[in-house]
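K.L.:
Residues per chain are reported as follows:
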Amino acid sequence: MKRRSFLQAGAAGVAGTALAGPALSQGAAARTLRFVPQTNLANFDPIWGTQYVVRNAGAAVWDMLYGVDERLVPQPQMVEGHTLSQDGLTWTFRLREGLRFHDGEPVLAKDVVASIGRWMPRDPMGQMIRAIQQELVAADDRTFRWVLRQPFPKLLYALGKTNAPSCFIMPERIARTDSFTQITEYIGSGPMRFVRDEWVPGARAVFQKFDRYVPRNEPASWLAGGKRILVDRLEWVVMPDPATASAALQNGEVDWWENPITDLIPVLRRNRNIAVDIADPLGNIGSFRMNHLQPPFNSQKVRQAVLAAMSQEDYMRALVGDDSNLWKPLPGYFTPGSPGYTEAGGDILKGPRNMDLAKRLLEQGGYRNEPVVCIVAQDQPITKAQGDVTADLLKRMGMNVDFVATDWGTTGQRRTVKTPPSQGGWSMFHSWHAGADCVNPAAYSAIRANGDGAWFGWPNVPSVEQGIAEWFQAPDPAAERAALDKVNSEAIEHVVYAPTGFFLGYQAWRRNVSGITKGPLPFFWGVSKT
Amino acid sequence: MWAYIIRRILATIPVMAIVALFVFSLLYLSPGDPAAVIAGDQATPDDVERIRASLGLDRPYLVRFGAWTWDILRGDLGTSIFTNLPVSTMIQQRIEPTLSLMIVTLILAVTIAIPMGVVAAWKQGTTIDRCVMAFAVLGFSVPVFVVGYVLAYVFALELDWLPVQGYTPISNGFFPWMENLILPAVALGGVYIALIARITRASMLEVLSQDYVRTARAKGAAQPSILFVHALKNAAVPIVTIIGIGFAGLIGGAVVTESVFAIPGLGRLTVDAILRRDYPVIQGVILLFSFAYVLVNLLVDLSYTLFDPRIRY
Numbered sequence: 001m002k003r004r005s006f007l008q009a010g011a012a013g014v015a016g017t018a019l020a021g022p023a024l025s026q027g028a029a030a031r032t033l034r035f036v037p038q039t040n041l042a043n044f045d046p047i048w049g050t051q052y053v054v055r056n057a058g059a060a061v062w063d064m065l066y067g068v069d070e071r072l073v074p075q076p077q078m079v080e081g082h083t084l085s086q087d088g089l090t091w092t093f094r095l096r097e098g099l100r101f102h103d104g105e106p107v108l109a110k111d112v113v114a115s116i117g118r119w120m121p122r123d124p125m126g127q128m129i130r131a132i133q134q135e136l137v138a139a140d141d142r143t144f145r146w147v148l149r150q151p152f153p154k155l156l157y158a159l160g161k162t163n164a165p166s167c168f169i170m171p172e173r174i175a176r177t178d179s180f181t182q183i184t185e186y187i188g189s190g191p192m193r194f195v196r197d198e199w200v201p202g203a204r205a206v207f208q209k210f211d212r213y214v215p216r217n218e219p220a221s222w223l224a225g226g227k228r229i230l231v232d233r234l235e236w237v238v239m240p241d242p243a244t245a246s247a248a249l250q251n252g253e254v255d256w257w258e259n260p261i262t263d264l265i266p267v268l269r270r271n272r273n274i275a276v277d278i279a280d281p282l283g284n285i286g287s288f289r290m291n292h293l294q295p296p297f298n299s300q301k302v303r304q305a306v307l308a309a310m311s312q313e314d315y316m317r318a319l320v321g322d323d324s325n326l327w328k329p330l331p332g333y334f335t336p337g338s339p340g341y342t343e344a345g346g347d348i349l350k351g352p353r354n355m356d357l358a359k360r361l362l363e364q365g366g367y368r369n370e371p372v373v374c375i376v377a378q379d380q381p382i383t384k385a386q387g388d389v390t391a392d393l394l395k396r397m398g399m400n401v402d403f404v405a406t407d408w409g410t411t412g413q414r415r416t417v418k419t420p421p422s423q424g425g426w427s428m429f430h431s432w433h434a435g436a437d438c439v440n441p442a443a444y445s446a447i448r449a450n451g452d453g454a455w456f457g458w459p460n461v462p463s464v465e466q467g468i469a470e471w472f473q474a475p476d477p478a479a480e481r482a483a484l485d486k487v488n489s490e491a492i493e494h495v496v497y498a499p500t501g502f503f504l505g506y507q508a509w510r511r512n513v514s515g516i517t518k519g520p521l522p523f524f525w526g527v528s529k530t
Numbered sequence: 001m002w003a004y005i006i007r008r009i010l011a012t013i014p015v016m017a018i019v020a021l022f023v024f025s026l027l028y029l030s031p032g033d034p035a036a037v038i039a040g041d042q043a044t045p046d047d048v049e050r051i052r053a054s055l056g057l058d059r060p061y062l063v064r065f066g067a068w069t070w071d072i073l074r075g076d077l078g079t080s081i082f083t084n085l086p087v088s089t090m091i092q093q094r095i096e097p098t099l100s101l102m103i104v105t106l107i108l109a110v111t112i113a114i115p116m117g118v119v120a121a122w123k124q125g126t127t128i129d130r131c132v133m134a135f136a137v138l139g140f141s142v143p144v145f146v147v148g149y150v151l152a153y154v155f156a157l158e159l160d161w162l163p164v165q166g167y168t169p170i171s172n173g174f175f176p177w178m179e180n181l182i183l184p185a186v187a188l189g190g191v192y193i194a195l196i197a198r199i200t201r202a203s204m205l206e207v208l209s210q211d212y213v214r215t216a217r218a219k220g221a222a223q224p225s226i227l228f229v230h231a232l233k234n235a236a237v238p239i240v241t242i243i244g245i246g247f248a249g250l251i252g253g254a255v256v257t258e259s260v261f262a263i264p265g266l267g268r269l270t271v272d273a274i275l276r277r278d279y280p281v282i283q284g285v286i287l288l289f290s291f292a293y294v295l296v297n298l299l300v301d302l303s304y305t306l307f308d309p310r311i312r313y
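Chains as they are written, first to last, in the UniProt record's numbering: chain A, 1 to 530; chain B, 1 to 313.
To be clear, the hints were calculated from the coordinates, so they are not data collected in a lab. Just to be clear, a hint being listed does not mean it is correct.
Sample of chain B residues facing chain A (criterion: CB under 10 Å; computed from the structure) [stated by the list, open to error]:
#, residue
1, Val37
2, Gly40
3, Ser54
4, Gly56
5, Val164
6, Gly166
7, Glu258
8, Phe261
9, Arg268
10, Ile274
11, Thr305
All values reported here derive from a predicted model rather than from experimental measurement. In this text, a Cβ means the ideal position worked out from N, Cα and C, and glycines have one as well.
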């Protein structure tokens with residue numbers, strides 16, 4: 001006796017089955033894709049809220065002017081193409097025909113101008129462009145012109161990158177909302193429509209195929225190419241408990257799970273109806289950041305001591321277990337497998353760990369047993385595992401560890417505090433970065449070393465900033481490579497942050513679902529279900 | 001009686017006011033910043049400050065508390081910082097699954113536990129009594145989530161009789177609704193079955209030793225009549241009290257159960273809101289829970305008059 005007949009059979013003698021609700025037909029079920037996202041879709045403004053989950057949903061609902069393909073090259077998406085003036089200052093874009101918003105209105109250049117205007121203040125690359133922007137205007141309904149005061153060769157990458165916030169195109173009236181205020185209408189320009197009435201934050205989000213979307217003719221490749229939706233309806237089912245998500249996938253109650261935990265992978269692999277594969281080849285980079293403003297980590301030698309002693313293998317095994325396919329050592333800061341990957345200057349992170357050297361560096365750095373306030377968010381498995389390893393490492397080095405077990409929300413607030421640890425500040429906290437953010441310096445906030453403007457820890461290393469500036473202005477791949485080598489070696493020398501290794505994650509889906517690709521976010525185009 | 005009810009209802013006002021003040025103050029003092037969560041990792045301190053200002057989180061404590069209290073008095077629980085939805089809408093979306101889970105759990109617990117307790121008292125010292133007590137110890141000892149996982153494994157994964165997760169509104173039909181509630185209710189009900197069964201047994205043992213029960217037996221009354229008509233009614237006051245107390249425990253238990261079975265109820269809403277520091281949602285839900293708790297206590301107190309005519313208000 002199977003589930004669908006269990007209660008009905010039991011109840012038949014009492015009341016018959018007339019009370020049961022209507023069941024989905026097989027055809028309708030096949031046209032609905034049920035997806036378990038990484039976390040709850042708590043808001044749906046991909047500019048106001050920059051969480052990955054919002055970006056992932058946003059990519060289905062809003063289209064972009066450009067989109068990076070699997071080679072990380074930006075390809076035209078909503079535009080037919082562009083021209084660039086000889087001096088590299090004036091970009092002119094023309095929108096392709098047939099673009100429509102979900103309310104039926106055509107997508108016009110003025111909508112694009114407003115959307116870019118809302119995106120720029122919230123995006124690091126957008127801010128750089130805005131600082132050199134002379135004008136951004138709609139020349140006619142399908143043409144807009146962007147005039148800069150100095151060349152910005154990475155402009156197309158900025159418009160097509162996967163990192164949040166992505167430059168999504170919204171109707172002008174919505175895009176005029178201040179970028180620090182949440183929008184209240186969700187009128188998209190992409191291949192799927194957000195069904196607001198069925199949105200239950202924390203439980204479910206529903207998307208429907210937008211029939212009037214005109215996909216490009218090229219094959220889909222990540223955010224580029226023809227975004228053809230092959231199901232009628234996409235349901236995001238939020239499941240906070242991985243064991244429940246695993247059981248639901250095995251039971252056929254959901255079709256695709258974005259991020260199964262590694263502990264459950266053997267169980268899923270044993271089920272012949274389930275396929276398991278790497279989710280994102282660009283993976284993640286584990287990290288902990290040391291506070292460059294306060295003792296003891298205001299000393300470069302003390303920071304280097306930690307690098308000399310730390311074992312990335314310890315961190316990675318704590319994160320992903322014994323599956324060696326899921327991690328790599330990372331003697332640098334850029335994503336392995338990406339064109340920007342380099343090991344320049346990474347010797348201190350290679351080879352056997354050297355505790356003697358670490359202790360010598362601690363002494364040279366003037367460490368005087370100051371407490372190291374180590375903030376560890378316990379509600380994030382990645383930070384918790386890394387924090388436990390770090391606490392053990394520092395104790396073995398002879399450091400005085402003040403382990404602060406807290407939650408991610410508190411970490412988010414406390415890491416902004418610059419005062420000494422004894423006055424509410426901190427010495428170190430743990431985090432991780434999506435590999436897609438770390439393929440180059442474009443959207444890589446964690447690598448920045450511009451003091452107060454840098455990410456938490458506030459490293460101030462002009463040579464790193466110089467390398468980043470050289471990458472932005474690099475005229476060719478060779479110059480880009482040289483700039484990245486410089487950034488990597490200088491960042492390691494000054495320990496902008498401590499990379500704990502590169503790790504991958506899995507995704508899992510029912511075998512009756514096809515078309516799922518590996519990428520930095522779940523792409524719903526090209527996915528079908530039988 | 002009516003005067004008592006009105007007095008009790010009026011007494012809830014200062015209770016709710018104290019709860020409101022306490023919850024608001026606690027959240028104000030607790031660490032964490034929703035603006036930092038919203039701003040994300042790329043944000044500069046200026047960005048965070050702008051978001052904080054746009055949400056009104058930069059205002060002084062008294063101003064924020066005053067504004068919030070004024071809104072509450074007008075029946076407005078506020079708007080979620082994250083979803084931009086009214087808190088009342090979010091509660092409306094979530095209240096049915098939680099109420100359903102609580103009601104089914106309570107019905108299940110009461111219908112199983114009371115006969116168990118009565119029979120255990122009747123058969124005191126026998127194997128049946130010991131089995132009931134052993135079950136009670138087990139029910140107390142095994143955490144809800146463990147029971148939940150075992151039930152899901154057996155009845156959903158292995159037998160495929162019931163779904164693993166989710167919730168179907170009762171408007172979609174009684175049986176689809178029940179299908180999603182059976183496993184969570186059994187998982188959550190275990191501890192209440194144990195609790196109520198123990199209290200019932202203890203209370204019945206005391207009543208069964210009373211003279212009037214001996215008299216009833218001497219008159220030749222049937223055993224079921226002695227147990228369920230003569231004795232149980234007089235043993236009911238502590239049982240009803242413990243059911244009322246159990247309601248408060250159900251609120252906490254629902255948080256775990258809703259997570260294990262992915263039921264979109266108020267428990268999960270509360271946890272999500274706490275983790276994100278969504279203050280208006282936390283405040284709204286806790287106020288609602290407090291009110292429900294006060295109301296249940298009132299109903300329990302009133303129910304005493306049904307079981308014991310000596311009690312008068």
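K.L.:
Hints first: check each against the structure and report whether it holds.
P.N.:
Here's how the hints hold up against the structure:
With a cut of 10 Å, the hint placing Val37(B) at the interface with chain A holds, because the nearest CB-to-CB distance is about 5 Å. Interface hint at Gly40(B): satisfied, since its Cβ lies 3 Å from the closest Cβ of chain A, which is below the 10 Å cut-off. Residue-level restraint check for Ser54(B) holds (minimum Cβ-Cβ distance to chain A is 5 Å; threshold 10 Å). Checking Gly56(B) against chain A: minimum C-beta separation of about 12 Å lies over 10 Å; hint violated.
Because the smallest distance between the Cβ of Val164(B) and any Cβ of chain A comes to about 4 Å, under 10 Å, the interface hint for this residue holds. Nearest Cβ of chain A to the Cβ of Gly166(B): about 7 Å, under the 10 Å cut. The hint holds. Because the closest C-beta pair between Glu258(B) and chain A is about 9 Å apart, less than 10 Å, the hint holds. With 10 Å as the threshold, the beta carbon of Phe261(B) comes within range of chain A, its nearest partner Cβ sitting at about 7 Å, so the hint holds.
Satisfaction of the interface hint for Arg268(B) is found here, the shortest Cβ-Cβ separation to chain A being roughly 6 Å, below the 10 Å cut-off. A distance limit of 10 Å between C-beta atoms decides the matter here; for Ile274(B) the minimum to chain A is near 8 Å, and the interface restraint holds. With its C-beta approaching chain A no nearer than about 35 Å, Thr305(B) sits outside the 10 Å limit, and its interface hint is violated.
Against the hints set out earlier in the document, violations occur for numbers 4 and 11.
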